[in-house]
Amino acid sequence: MPSYRLQTIRPMAFSVALHPAFLLVVLSLKTSRSEVLGEPFQLTPEILTVSTESKLQQVNLQWTVPNLTHQELKMAFQIEISRINTSNIVWVENYSTTVKWNQLLHWNWKSEIPLECVTHFIRIRAMVDDAKYLPQNSWSNWSSWKEVSVQVSVAPNTLLIFPDNKLLEEGSNVTICLLYGQYLYNVSCMLQKEPIHGEQLDSHVSLIKLNNVVFHSVSGTNIHCKAMNATKMIFGTVLFVSKVLEEPKNFSCETQDFKTLKCSWEPGVDTALVWSQQDSQSYTLYESFSGRRELCDHRNSHNWQITDDSQETYNFTLTTENNLRKRSVNLIFNLTHRVHQKAPHDVTLENIDARKANMTWKVLSRGNNYILLCQIELQHEREVIHEHNVSVHMSASYLFSDLEPDTKYKARVRCADANHFWKWSDWAQKEFCTPEAAPSQALDVWRQVRSENGSYVVTLFWKPLLKSQANGKIVSYNIVVENQDRLSESEHYSVPAPALGTQLSLDPCSYKIHITANNSVGVSPESVMVLSNDSGHEEVHEKRIKGTKDGFHISWEPTSGDALGYVVDWCVHSRDQHCDLQWKNLGPNTTSTNITSGAFKPGVRYNFRIFEKSMQQKAQLLEKQTGYTQELAPLENPEVTINNFTSNSFILSWPSYDSDFQSAFIEGYHVYLKSKEMQCHPKGKRMTLPDYWVLCEYEIKDPEQKAFTVENLRPESHYEFLVTPYTSAGQGPNETFTKVMTPDENSNMLLKIILPMTLCVLLIIIACYWKSQWVKEKCYPDIPNPYKSSILSLIKSKKNAHLIMNVKDCIPDVLEVINKVEGPKTQCIVSGNPHNEDVSMKPPSSVPTEDGSSGSVPFFFFENFTYDQSAFDSGSHGLIPGPLKDTPCQLGLLTPPEKLLNVLEKDYMKSLAESPTEETSLIYVSQLASPMGGDKDSLATNPPMPGHCSEYKMQMAVPGRLPSLALSENNSLTSEILLGQGEQ
Amino acid sequence: MRAQFPQRTLLSLALSLLFLSMARATRGCSSSSPQLLSQLQSQANITGDTRLLLEPYILLQELNTPTLRAACREYPVTFPSEDTLRALSKPHFLSTVYTTLGRIQHQLDALRQQSPKTKVFPLLERAKWNVQGIRNNIYCMAHLLNHPLETPNPTEAGSGASPSTTTTPSIFQTKIDNCRFLWGYHSFMGSVGRVFREWKDGPSRSRRHSPRHSLLRAWRKGASRIRPSRSSQSPMSRVQVPW
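Taken in order, these protein sequences are the chains called Z and Y. Sequential numbering from 1 applies to the first sequence in the numbering used here. Sequential numbering from 1 applies to the second sequence in the numbering used here.
Note that these hints are calculated values from the structure, not bench results. Note that beta-carbon positions come from the ideal geometry of N, C-alpha and C, so glycine has one too. Some hints here could point you the wrong way.
[Unchecked claim] Residues of chain Z clear of chain Y, computed beta-carbon distances all greater than 12 Å: (1) L104; (2) W145; (3) E246; (4) I371; (5) K423; (6) H553; (7) P655; (8) L751.
[What the hints assert, rightly or not] Okay, derived cross-link-like pairs now, BS3-like style, lysine-lysine, Cα gap no bigger than 30 Å in a straight line: (9) K119(Y) / K326(Z); (10) K752(Z) / K739(Z); (11) K117(Y) / K262(Z); (12) K624(Z) / K613(Z); (13) K701(Z) / K624(Z); (14) K249(Z) / K117(Y); (15) K362(Z) / K430(Z); (16) K624(Z) / K706(Z); (17) K193(Z) / K117(Y); (18) K117(Y) / K55(Z); (19) K430(Z) / K356(Z); (20) K463(Z) / K584(Z); (21) K430(Z) / K342(Z); (22) K249(Z) / K232(Z); (23) K473(Z) / K463(Z); (24) K463(Z) / K512(Z); (25) K209(Z) / K362(Z); (26) K356(Z) / K463(Z); (27) K624(Z) / K543(Z); (28) K326(Z) / K117(Y); (29) K193(Z) / K119(Y); (30) K601(Z) / K463(Z); (31) K546(Z) / K430(Z); (32) K119(Y) / K249(Z).
Excised from the complex, chain Z in its bound form (with noise of 0.2 Å):
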């Protein structure tokens, strides 16, 4: 919206004020002849000029109106602007003023577009508008259209953006001009980096308002456009948008000396802009009744001289201004009720004891009739303890009482005018702390009393004084025990703080215990315990409590009337073996008390003993309770162990749990049996389950009771149970059942039978290892006496006592081995052939298979020195006899006492059951122990062929005086001694 000013400006010119007094006569006659007739009359003003100020995009319009005859005449003035051409008018406005003769009028407007870019043309008309005369009925003619245009010239390709650096209002409006030069098109402009779009005016000429415009930075808000065609030069503008000057607030002036001012505001944004565009806004404080005015150094602050003593009224106006706008605050007060007093000063604080202090301040005064009040406070720990207001001339001092010992304390005092309450002055403060004193009260004692080895251990507890009791830092408590039973002995202890408690262990006497607490001033009232020869033993029943979720209710039966109070203890932790005894002292009438703590959890249970205590401090225990704040169900089920499991029973028990660990009381059990196809006994609720399955659920209502008997079950069948506790809040965890099987009815008789069987065994093996020596000799001895076998008595029977032939007597026809000799020692056996390549090289020329074939199995033959002659002779062996030679060794044989044993109960009794002449000899036979193994029957018709070193099992009949040669077992010499004819 355009404004305008109207400035009427006096007639300056000299030429006119010395106008001829003639023409003054003359224009009186003609206006008096026109007033007489009441003729109207028409006064057309003339334009004299028109100027335009381009930054303010102003049009300055200056006319006259000539004609005048009136020294005064009241007018109303009419002028019109239109834009671009005569016929648009954009403005008409009316305007009224008193014109006096030949006088020069002004009036502006200021256009919305910046005038570079449009034409506007101008004109005026009048109309006479005074009362003294005959109205004019009608305006005059309108002046002539004079032209308004500020020339610019648009080089080609180029672009002008007007208005240029302009300085605007945040949310004011701004019509942006833009004027295109020759081959300029296409051009897009943006607003920092959002686009914004005009209308175009004619074809150089496109505007854009914009409206409500934001602040955005102090170096302003840019505008820049480019053009499409052929240059790609930025073109641009920027508008220097600033925040709304605010009004100044809080707005108040004080004193502290009566010197000075100090007048003081909150000042609101700054609305300064960077390029020269704002400063920050400027302050100024107006003082109305001095009329001096002064610019204010700092934009929330002035301190304003007092010149004049006398002046005890100020009206102070601030006046904030920048570019855009002035805003102004008023206030008028008077001085004396403005006074911020200086804080007191020389303030001193003097202990006169540990509970009493002094302070002392002084202020500064005004003369003797002025009086302060002052606000003493005084402070512990942040938190004001006490505060005082006191009326103060020049100095004052307060007394602090009822401090507490070895304190800090923090003093301060505030003053203010008594009479024209301003503000209160700043703090003056001082912090002090009061000495220490001896403590006050005497501990807080209790003491656990257990019985060890014969003697007391005595756990001494205290609670720690508080800090109003302690009246300093405790540094240690003192222990005095006397024995009351010998009154002489008193034993003496000092524990060191901060310790709460301490361990004594005493003889089973009565003892007075004292304990006091010591600070660097003096100790406190000593506290007294006493303890009897019984302390420790006492015996009372336990009763069940209930508690609730804050705690317990304990009350109890006092046993004598002349209790000197009672004592309530517990253990915070039941289920720890730190305890952490806790105890509540409580007045002689007292039977009954709660006891709450935090600590307390659902499902733990906590032991109360209630203790009176008498007037010579010994404290007997009268009840034991014990409860849960919340009882729980059992967290676990207990261990069931079977017993006398039968066919048709067994019976189920438990352990009894440990009470501390029960998370309520248990009041019974559940037994649970499941089986197919069951019958329940009578006590038991019986419920079907899928699959025939049967539950019987037995209820056991004494917890005191810990097995139980399952009857009536059926052998060879499967059972599954369970047994969990119950407490009031439920039963235990619903866990796995544990599976049976009854056994078979005759099981247990067998059981009878093969168990003492089994004993029996085991006792005849036991006994036979234990004499397996004896055994072996008497049984299977290595090397069998043929005099001590039973075929003795056969022999014996048939009364040959010939028939065990001696080895002395007999001398070997042929030894016969059987394989390649490896070692040196076969060249004690093999006689006449010291090598054994020798000996294996030489084939056995015809060695004689059962059928009578002569096969080329490596057998070799040795002279048997100690066979008898008369055997080979008999010709009933196929063998070729050997030339006898001397050999200087002796055969000696491992035999393998099975293989002998063999040989002595069948080969050997069946060569003497079929030998005709009952003296058969002896033979002897080697064995291969071949792959084939055992066969003896093929190895006879098919004797092996042995392999390269294979060992061979041996047989022999040594006599027992034969000593043992130098052959031993794991020597693989081998051999085979045929003697006589044989089967093999």
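Assemble the complex: chain Z is given as a structure, and chain Y must be docked to it using the hints.
Coordinates of chain Y only, in the frame set by chain Z:
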């Protein structure tokens, strides 16, 4: 924005080192040519970083739009191009840089006066001293190479730096001009740093030989026509220029 803090820290560190170097330079010339060359290269590289001045200026003057950023680079204030610098003999190079830095110093000072009470004011202050430090080192370098710098003729060196002050320029145009000047300043210092690096690489690396005197003359006479270019890829022949 997240990376700004460490970047700023690094920049601060670098600037501190720069100050130390400058302080040393102002006390007296180093007798070690390689050390001085290394120092000069570091100084040029550091001051070639646009984060030192250009970016803060762009942000302060609300020029952070693609169009305006591009405008800053389209017609930067004329400085000798990298090709031109590389083509110069060492004494001429030092003299050219010294002279250009003098103009830059003057321009920075003018820019500083345009931006009182802004965030870039201390940066401009610091930059002015940085440039002074580099000039001192160049002076010393020329002294070490037995080619003392001639005092430049102001009429010769006055090409295309400061905008005309005969008419009150549009603030918008001044912003763009300043932005272009700062862009040109950083680019020029980067080019100087790269030339110094070639010096450090030794005489084996031949410098591009072009009609250097004519180029220098062209720059002195009509520097505004010489477009700075960071490209050094043009297949011009390189020859070693003897001292």
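Taking the hints in turn, this is what the structure says about them:
1. The Cβ of L104(Z) sits about 32 Å from the closest Cβ of chain Y, beyond the 12 Å cut-off, so the non-interface label holds.
2. For W145(Z), the requirement that its beta carbon stay farther than 12 Å from each beta carbon of chain Y is met, with the minimum near 33 Å.
3. Distance check for E246(Z) against chain Y: the nearest CB is about 20 Å away, which clears 12 Å, and the non-interface claim stands.
4. Here I371(Z) stays apart from chain Y, with its beta-carbon at least about 50 Å from theirs, past the 12 Å limit.
5. With a least beta-carbon separation of about 35 Å from chain Y, K423(Z) lies farther than 12 Å from that chain, consistent with its non-interface assignment.
6. Taking the minimum C-beta to C-beta distance to chain Y, about 63 Å, the non-interface status of H553(Z) holds against the 12 Å cut.
7. The claim that P655(Z) is not at the interface with chain Y holds, since no C-beta of that chain comes within 12 Å of its own (minimum 67 Å).
8. Against the 12 Å criterion, L751(Z) stays outside the reach of chain Y, whose nearest CB is about 85 Å from its own CB.
9. With a C-alpha separation of about 28 Å, the suggested pairing of K119(Y) with K326(Z) holds against the 30 Å cut-off.
10. For a cut-off of 30 Å, the pair hint linking K752(Z) to K739(Z) stands: about 26 Å separates their Cα positions.
11. For the proposed pair K117(Y) and K262(Z), the alpha carbon gap of about 28 Å is at most 30 Å, so the pair holds.
12. The suggested pairing of K624(Z) with K613(Z) holds, with an alpha-carbon distance near 15 Å, which does not exceed 30 Å.
13. For the given pair, K701(Z) sits about 25 Å from K624(Z) by alpha-carbon distance, which is consistent with the 30 Å threshold.
14. Straight-line distance between C-alpha atoms of K249(Z) and K117(Y) comes to about 26 Å, which keeps the hinted pair within the 30 Å bound.
15. Simply put, K362(Z) and K430(Z) have alpha-carbon atoms about 14 Å apart, close enough for the 30 Å limit, and the pair holds.
16. In summary, the hint linking K624(Z) to K706(Z) is supported, as the alpha carbons are separated by about 26 Å, within the 30 Å threshold.
17. Our distance criterion of 30 Å between C-alpha atoms is met by K193(Z) and K117(Y), whose separation comes to about 26 Å.
18. With a C-alpha separation of about 26 Å, the suggested pairing of K117(Y) with K55(Z) holds against the 30 Å cut-off.
19. At most 30 Å may separate the alpha-carbon atoms for a hinted pair to count; K430(Z) and K356(Z) meet this at roughly 15 Å.
20. At roughly 11 Å between alpha-carbon atoms, K463(Z) and K584(Z) fall within 30 Å of each other, so this suggested pair holds.
21. Distance hint between K430(Z) and K342(Z) is fulfilled; the C-alpha atoms sit about 17 Å from each other, no more than 30 Å.
22. For the hint linking K249(Z) to K232(Z), the alpha-carbon distance of about 51 Å lies beyond 30 Å, and the restraint is violated.
23. At roughly 15 Å between alpha-carbon atoms, K473(Z) and K463(Z) fall within 30 Å of each other, so this suggested pair holds.
24. Restraint check for K463(Z) and K512(Z): the C-alpha separation of about 19 Å stays at or below 30 Å, so the hint holds.
25. At roughly 69 Å between alpha-carbon atoms, K209(Z) and K362(Z) are farther apart than 30 Å, so this suggested pair is violated.
26. Simply put, K356(Z) and K463(Z) have alpha-carbon atoms about 28 Å apart, close enough for the 30 Å limit, and the pair holds.
27. For the hint linking K624(Z) to K543(Z), the alpha-carbon distance of about 6 Å falls within 30 Å, and the restraint holds.
28. For the hint linking K326(Z) to K117(Y), the alpha-carbon distance of about 23 Å falls within 30 Å, and the restraint holds.
29. With a CA separation close to 22 Å, the supplied pair K193(Z) and K119(Y) stays within the 30 Å bound.
30. Note on K601(Z) and K463(Z): the hinted pairing holds, with a Cα-Cα distance of about 23 Å set against a maximum of 30 Å.
31. The suggested pairing of K546(Z) with K430(Z) is violated, with an alpha-carbon distance near 56 Å, which exceeds 30 Å.
32. Note on K119(Y) and K249(Z): the hinted pairing holds, with a Cα-Cα distance of about 29 Å set against a maximum of 30 Å.
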